[in-house]
Structure formats: structure tokens, C-alpha cells
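Top to bottom, those sequences are chains A and B.
In terms of numbering that gives the first Met the number 0, the first sequence opens at residue 0 and continues consecutively.
In terms of numbering that gives the first Met the number 0, the second sequence opens at residue 0 and continues consecutively.
Incorrect hints may have been included.
Stated by the list, open to error - In silico SDA-like pairs for lysine to any residue, Cα to Cα no more than 20 Å straight-line:
hint, chain 1, residue 1, chain 2, residue 2
1, A, Lys42, A, Gly58
2, A, Lys27, B, Asp82
3, B, Lys86, A, Tyr67
Said to hold, decoys possible - These stretches of chain B come out as covered by chain A in the derived footprint (C-beta under 8 Å, 3 or more residues):
hint, segment
4, 1–13
5, 126–139
Said to hold, decoys possible - Pair by pair, the computed Cβ-Cβ distance ranges are:
hint, chain 1, residue 1, chain 2, residue 2, range
6, B, Ala40, A, His55, 17 to 27 Å
7, B, Val56, A, Ser66, 23 to 33 Å
8, A, Arg59, B, Glu89, 50 to 60 Å
9, B, Leu138, A, His55, 49 to 59 Å
10, A, Glu26, B, Phe148, 15 to 25 Å
11, A, His16, B, Leu90, 14 to 24 Å
12, A, Val36, B, Ile106, 31 to 41 Å
13, B, Ile59, A, Thr20, 25 to 35 Å
14, B, Lys86, A, Ala41, 47 to 57 Å
15, A, Lys40, B, Arg33, 48 to 58 Å
16, B, Ile16, A, Ser66, 24 to 34 Å
17, B, Leu15, A, Ser66, 39 to 49 Å
If you are wondering where the hints come from, they were derived from the structure by calculation, not from laboratory data.
Note that the Cβ used here is the ideal one computed from N, Cα and C, for glycine as well.
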Amino acid sequence: MGKGQIRNNIRKLRFEHDEMTQQQLAEKVGVTRQTIVAIEKAKYSPSLQLAFAIAHTFGRPLQEVFSYEAEE
Amino acid sequence: MSQQERRVAASLISALIVFAAYAIIMFGMYQEGRFAGSGAASLVGKSTIALIVASIVASIVLQILFAIGHAVATREHERMVTDERDKLIELKAMQISYLAFSVGFLISMIVLALEGATAPMVLLIIVVSMFAASVVGDLVKLALYRRGF
Numbered sequence: 000m001g002k003g004q005i006r007n008n009i010r011k012l013r014f015e016h017d018e019m020t021q022q023q024l025a026e027k028v029g030v031t032r033q034t035i036v037a038i039e040k041a042k043y044s045p046s047l048q049l050a051f052a053i054a055h056t057f058g059r060p061l062q063e064v065f066s067y068e069a070e071e
Numbered sequence: 000m001s002q003q004e005r006r007v008a009a010s011l012i013s014a015l016i017v018f019a020a021y022a023i024i025m026f027g028m029y030q031e032g033r034f035a036g037s038g039a040a041s042l043v044g045k046s047t048i049a050l051i052v053a054s055i056v057a058s059i060v061l062q063i064l065f066a067i068g069h070a071v072a073t074r075e076h077e078r079m080v081t082d083e084r085d086k087l088i089e090l091k092a093m094q095i096s097y098l099a100f101s102v103g104f105l106i107s108m109i110v111l112a113l114e115g116a117t118a119p120m121v122l123l124i125i126v127v128s129m130f131a132a133s134v135v136g137d138l139v140k141l142a143l144y145r146r147g148f
């Protein structure tokens with residue numbers, strides 16, 4: 000399986016939700032702020048459980064928060 | 000520096016301090032000729048147990064000092080959270096640490112296979128491998144935390 004890139008709209012969604020801080024999001028989904036930073040920068044791909052938890056926090060379906068780009 | 004990075008830094012610093020003290024003490028014993036007699040293997044065993052205990056105590060003390068220092072400097076209390084990324088970083092570091100120890104163990108067996116190598120010498124190589132593996136593991140953790148993953 001080729002390595003693809005998982006992109007996300009977390010930063011945009013945080014600002015749309017009353018400028019939610021990374022720390023607030025981290026506390027809501029039960030991870031550290033550094034993990035949210037790593038996910039936002041696309042340096043770390045979260046587990047399905049965490050991805051769903053983040054999407055649930057924003058009240059959006061998963062595909063509106065995360066997208067997958069296959070490598071050519 | 001995040002809480003996790005501070006924890007790893009404390010572990011790394013304590014390992015370096017304790018091992019430096021261990022190396023100085025062992026070198027002193029070597030110069031006194033205490034590794035020449037029949038009780039040399041027992042001496043290495045006792046000193047290794049002392050090294051492990053001292054490492055654990057030093058690591059705990061340093062982590063407490065780091066936490067107090069951070070609380071005093073920032074005036075905030077941090078909740079201890081371990082998440083999936085921490086566990087993955089821990090696993091990756093453990094994997095590389097295990098590999099480093101395996102190399103050290105292999106070197107000790109090669110030394111043992113050579114004529115003239117004594118059992119205490121081989122045991123000391125294994126102890127040094129344990130220390131090196133621990134340091135490599137901590138460095139990998141620090142690098143992964145700095146990089147994101």
C-alpha cells in the first residue's frame with residue numbers, strides 16, 4: 000500500500016467554534032495539546048477512534064474534518 | 000518543553016549522572032585490582048543492582064524536581080495525560096532501545112568467544128549496553144516528541 004497524506008481542517012474548525020484553543024480541544028478528546036499540534040501539522044495521523052472523537056467535538060462528519068490524498 | 004519532553008529529559012539526565020558516578024566508582028575498583036580475584040563477578044553483580052536502584056531513585060527525584068521547577072516558573076498545574084501518540088513513541092523508542100541492547104549483547108558474546116576475556120569484563124559490557132540502550136531510547140523519544148512523531 001502506497002503512503003498517502005492525511006489532511007485536516009482542524010485549525011479552521013477550531014476558529015469556527017468560538018476560537019477554540021488547542022488545549023480546549025485536547026481536553027475534550029482526552030489527548031495532550033502536543034498531539035493536537037502534531038495532527039494539525041499533519042505530522043501525526045490519529046487513530047480512527049481519535050479522528051471520530053475530534054469530528055464529533057465539531058459536530059461534523061469525519062470526511063469534513065479529515066481527507067486522504069493518495070500519493071501519485 | 001512539554002510535560003512528556005521534561006519527563007524524558009529527566010530520565011536522560013539522571014541516567015547520565017548515575018552512570019558517570021558508576022563508571023568512576025568501577026574504575027577506582029579496577030585500579031585497586033578488585034576485579035582480579037574470584038569475587039569479581041559477585042562485585043559486578045552487586046554494583047549493577049546498586050546502579051539500577053540508584054537510576055530509579057535519581058529518575059524519580061529529578062522528575063519531581065522538574066515538575067516543581069515548572070510549577071514554580073509557570074504557576075500552573077499540569078494534568079498528567081498519556082495518549083495514543085505517547086504510547087506509539089514509547090513503543091518506537093523501546094524497539095530501537097532493544098536493538099541497541101542486542102548489538103551490545105552480541106559484542107559481549109564476541110568478546111567472550113575470544114580467548115582471554117573474563118566473565119566480569121563481559122558482564123560490564125552488558126551493563127554498558129543496558130545504559131547505552133536506555134540513552135538511545137530516551138534520545139529517540141526526545142527526537143520524536145520534537146518532530147511531532
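So, going through the hints one by one against the coordinates:
1. A:Lys42 to A:Gly58: 24 Å, violated
2. A:Lys27 to B:Asp82: At roughly 13 Å apart (the allowed maximum being 20 Å), Asp82 of chain B and Lys27 of chain A satisfy the hint.
3. B:Lys86 to A:Tyr67: 24 Å, violated
4. 1–13: Since 3 is at least three, the answer is holds.
5. 126–139: Coverage by chain A is violated here, the residue count being 0 at a Cβ distance below 8 Å.
6. B:Ala40 to A:His55: 17 to 27 Å: Cβ of Ala40 of chain B to Cβ of His55 of chain A: about 60 Å, so the range 17 to 27 Å is violated.
7. B:Val56 to A:Ser66: 23 to 33 Å: 49 Å, violated
8. A:Arg59 to B:Glu89: 50 to 60 Å: 31 Å, violated
9. B:Leu138 to A:His55: 49 to 59 Å: 37 Å, violated
10. A:Glu26 to B:Phe148: 15 to 25 Å: Holds, at about 21 Å.
11. A:His16 to B:Leu90: 14 to 24 Å: With a Cβ separation near 33 Å, His16 of chain A and Leu90 of chain B fall outside 14 to 24 Å, so the hint is violated.
12. A:Val36 to B:Ile106: 31 to 41 Å: Holds - the Cβ-Cβ distance for Val36 of chain A and Ile106 of chain B, about 40 Å, lies within 31 to 41 Å.
13. B:Ile59 to A:Thr20: 25 to 35 Å: For Ile59 of chain B and Thr20 of chain A the Cβ distance comes to about 32 Å; the hint holds.
14. B:Lys86 to A:Ala41: 47 to 57 Å: Given a distance of about 20 Å, which is not inside 47 to 57 Å, the answer is violated.
15. A:Lys40 to B:Arg33: 48 to 58 Å: 54 Å, holds
16. B:Ile16 to A:Ser66: 24 to 34 Å: Violated - the Cβ-Cβ distance for Ile16 of chain B and Ser66 of chain A, about 48 Å, lies outside 24 to 34 Å.
17. B:Leu15 to A:Ser66: 39 to 49 Å: 44 Å, holds
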